[in-house]
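Peer 1: The chain contents come next:
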Amino acid sequence: MKVTKITLCLLVISVFSLTSCLDLSGLLYNPSTLEEYKYDEFDPENNIDSKYDVLDGEINEFTVESDLDGDIATIYGAYIGDLSTIDEDTVILYCHGNAAHMDLYFQRTKLLYNANGKSRYGILTFDYRGFGRSESVPTEDGIVADTRAMIQWLKEQGLTGDRLIVYGFSLGSIAAVAACKQDLGLRPDKLMLEAPIGSIDAMAEDGSGLSIQASLFASLKTNHIEDIKEIEQPLYWIHGESDDFLAMLTHGRPIFLNHEGAFKTSELVPTGNHGDTPFKLGIEEYITSISNFILQSE
Amino acid sequence: MRAKIELAIVLLALGIFFSNCSTTRFIEPLEKDEIAVGINAGGPVIGLGGNIIPIPLSSIYVGYGYKENLTLYGGLHTTSLLFNNLQFDVGARKNIFEGYSIYPSMSVAGSINGILGFREFKPRIFPEINVNAYWKYGRWRSYTGAQTWFDFYKNFQPTYGFGGFFVPAIVLGQDVKIGDWRVGLEYKRLAFNVPTENSVVNYITFGGIGAQGIYVSCSKSFGYKKLKENESN
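Taken in sequence, the protein lines are chains A and B. For what it's worth, the working numbering labels the leading residue of the first sequence as 66, then goes sequentially. For what it's worth, the working numbering labels the leading residue of the second sequence as 524, then goes sequentially.
Read the hints as simulated data drawn from the structure, not as lab findings. Predicted model only: the values in this text are computed from it and were never measured. Some clues are possibly wrong.
[Unchecked claim] To give an idea of the interface, some chain A residues facing chain B are shown, with a C-beta separation under 10 Å as derived from the structure:
| # | residue |
| --- | --- |
| 1 | P109 |
| 2 | N112 |
| 3 | I113 |
| 4 | Y117 |
| 5 | D271 |
| 6 | S273 |
| 7 | L275 |
| 8 | S276 |
| 9 | S307 |
| 10 | D309 |
| 11 | A327 |
| 12 | T330 |
| 13 | S331 |
| 14 | L333 |
[To be verified] Mimicking EDC-like on lysine to aspartate or glutamate, the simulated pairs with C-alpha atoms at most 20 Å apart in a straight line are:
| # | chain 1 | residue 1 | chain 2 | residue 2 |
| --- | --- | --- | --- | --- |
| 15 | A | K329 | A | E306 |
| 16 | A | K183 | A | D105 |
| 17 | B | K677 | A | E291 |
| 18 | A | K345 | A | E110 |
| 19 | B | K590 | B | E643 |
| 20 | A | K220 | A | D114 |
| 21 | B | K645 | A | E291 |
| 22 | A | K286 | B | E643 |
| 23 | A | K183 | A | D114 |
Ideal Cβ placement from N, Cα and C applies to all residues, glycine included.
Taking the hints into account, I'd like the entire structure generated from these sequences.
Peer 2: Structure below.
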């Protein structure tokens with residue numbers, strides 16, 4: 066009996082000593098750092114046609130300080146447009162995806178810059194903490210804090226919420242949805258999502274084929290499928306039907322269906338995969354699609 | 524960009540901790556009062572960063588010959604434990620057919636797979652049934668089988684993931700007994716009813732359906748020999 070009790074105690078101790086808190090949340094992020102931003106010089110071979118180029122003097126790099134519970138980081142951003150007219154222009158805050166830095170997304174930024182005519186809208190793109198030249202390490206809360214810092218900068222330049230559009234691609238949907246759901250300084254007028262994250266749980270279910278929650282192996286909490294219910298701003302959603310990273314059916318579609326605002330529109334691209342949907346749709350078609358949404362949802 | 528994204532799928536690949544994360548427990552029932560303790564490792568095979576690897580899942584397990592032709596067993600999933608989860612399986616196996624000539628013996632098992640994460644109280648229970656056919660020749664044993672988990676939560680909660688009520692697998696395995704030890708290798712064709720072509724995890728599979736798993740196991744029996752000796756005295 067004594068041996069049995071000792072064995073039992075040893076077993077229990079062994080179990081709880083093995084129990085640790087490994088957390089894979091950090092693996093969600095794939096930043097790269099660099100010394101300087103190069104924009105069109107970053108990867109010239111993959112630049113889009115020169116007719117979409119940014120006008121001389123309209124790439125304005127700047128930094129802001131972003132405070133995440135005392136972790137103050139210098140965050141890099143670039144305003145593509147005329148700085149002197151932010152107080153009267155409409156601005157698209159472009160929240161990029163989960164790779165590298167904003168140079169990698171610069172060609173996409175130029176597509177937005179050409180919506181409804183070249184330089185019709187100012188575009189603000191920035192690197193979340195840990196990406197590009199921005200300091201610190203990425204986290205969900207950090208992305209939101211950095212977005213708040215960028216919106217604050219726009220506000221200081223004279224922007225008002227009725228002229229702010231947020232666009233989130235993939236990981237950037239965390240920033241874009243937060244900007245609409247939370248009070249980050251300005252209430253955006255429109256929300257645009259490209260291949261957004263539905264929820265971390267949906268990612269876990271997609272990966273496992275089982276109804277399990279992501280909290281079993283990570284402490285991420287993103288759930289846009291639920292968050293979108295609280296968002297009334299007009300919604301634009303574009304997603305590749307061949308997306309093999311964030312599947313259209315399990316991520317974007319539930320978000321779109323759950324949106325209860327007065328206006329929403331979708332653009333589904335049959336051959337689009339996670340990283341190429343605008344280009345599979347066609348550059349002109351994509352520009353037309355986003356242009357129409359902005360005009361129709363006025 | 525795609526290459527960068529591949530790193531992120533590690534996170535999701537680990538999401539499959541919980542399905543088909545071990546070898547088949549005890550292909551045939553143990554002798555009455557026999558005890559066997561073992562470990563196993565392996566999991567679904569995925570492509571990651573240009574490499575093909577099985578996900579390194581692991582568990583320890585124990586079986587007990589409760590009665591003639593009835594073995595009770597349980598397993599504790601150690602990799603899952605490292606992520607602050609208590610994952611276990613408990614079950615029972617018995618033979619339903621004694622093989623002869625070229626006809627294999629057959630066994631069935633029923634078990635419960637339980638998962639309790641300590642980050643969020645949302646326990647999950649997945650029942651499982653399993654049928655095996657096995658051939659023994661000398662120290663060697665070959666087996667094949669079919670098994671399925673049942674995901675009742677698909678009906679009880681909003682869900683957006685792939686997959687359905689059944690999470691099936693087909694098994695092929697080979698093991699060898701060396702003294703009190705048994706060492707085995709097992710292949711599983713997993714979730715062959717689920718399209719994984721667009722899955723976030725880059726499963727190495729064929730036809731864009733399900734996944735494939737590779738597992739190894741090692742167990743040691745004890746108690747049975749002593750019992751035999753006592754009986755002969």
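Peer 1: For every hint, state whether the structure bears it out.
Peer 2: Comparing the hints with the structure gives:
This hint is violated: P109 (chain A) has a C-beta 17 Å from the nearest C-beta of chain B, more than the 10 Å allowed. Given the 10 Å rule on beta carbons, the hint for N112 (chain A) is violated: about 15 Å separates it from the nearest Cβ of chain B. Look at I113 (chain A): its Cβ only gets to about 15 Å from chain B, farther than 10 Å, so that hint breaks. Interface restraint check for Y117 (chain A): the shortest CB-CB distance to chain B comes to about 19 Å, outside 10 Å, so the restraint is violated.
At about 5 Å, the closest approach between the beta carbon of D271 (chain A) and any beta carbon in chain B falls short of 10 Å, and the interface hint on this residue holds. Interface hint status for S273 (chain A): upheld, as the beta-carbon distance to the closest one in chain B is roughly 5 Å, under 10 Å. The beta carbon of L275 (chain A) is positioned within 10 Å of a beta carbon in chain B (closest approach about 5 Å), and the interface hint is therefore held. Hint status for S276 (chain A) relative to chain B: holds, with the closest Cβ pair at about 3 Å, below 10 Å.
The closest approach between the C-beta of S307 (chain A) and any C-beta of chain B is roughly 7 Å, which is under the 10 Å cut-off, so the hint is satisfied. With 10 Å as the threshold, the beta carbon of D309 (chain A) comes within range of chain B, its nearest partner Cβ sitting at about 5 Å, so the hint holds. The closest approach between the C-beta of A327 (chain A) and any C-beta of chain B is roughly 24 Å, which is over the 10 Å cut-off, so the hint fails. For T330 (chain A), the suggested interface contact is broken, since its CB lies about 21 Å from the closest CB of chain B, more than 10 Å.
Contact between S331 (chain A) and chain B, as hinted, is not supported at the beta carbon level, the nearest pair being about 16 Å apart and thus beyond 10 Å. Given hint, L333 (chain A) at the interface with chain B, is violated; its Cβ is 14 Å from that chain's nearest Cβ, farther than 10 Å. Distance restraint check for K329 (chain A) and E306 (chain A): the Cα-Cα separation of roughly 18 Å lies within the 20 Å cut-off, and the hinted pair is therefore satisfied. For the suggested pair K183 (chain A) and D105 (chain A), the alpha carbons sit about 16 Å apart, so the restraint of at most 20 Å is met.
Restraint check: the Cα-Cα separation between K677 (chain B) and E291 (chain A) comes to about 18 Å, which is no more than 20 Å; the hinted pair holds. Taken as a hint, the K345 (chain A) and E110 (chain A) pair is honoured in the structure, with Cα atoms around 18 Å apart against an allowance of 20 Å. This hinted pair does not check out: K590 (chain B) and E643 (chain B) have alpha carbons roughly 39 Å apart, beyond 20 Å. Between K220 (chain A) and D114 (chain A) the alpha-carbon distance is near 33 Å, which puts this suggested pair outside the 20 Å criterion.
For the suggested pair K645 (chain B) and E291 (chain A), the alpha carbons sit about 18 Å apart, so the restraint of at most 20 Å is met. As the CA atoms of K286 (chain A) and E643 (chain B) are separated by approximately 11 Å, the hinted pair is consistent with the 20 Å bound. The suggested pairing of K183 (chain A) with D114 (chain A) holds, with an alpha-carbon distance near 13 Å, which does not exceed 20 Å.
Violated hints, listed in ascending order, are 1, 2, 3, 4, 11, 12, 13, 14, 19, 20; each of the other numbered hints is respected by the structure.
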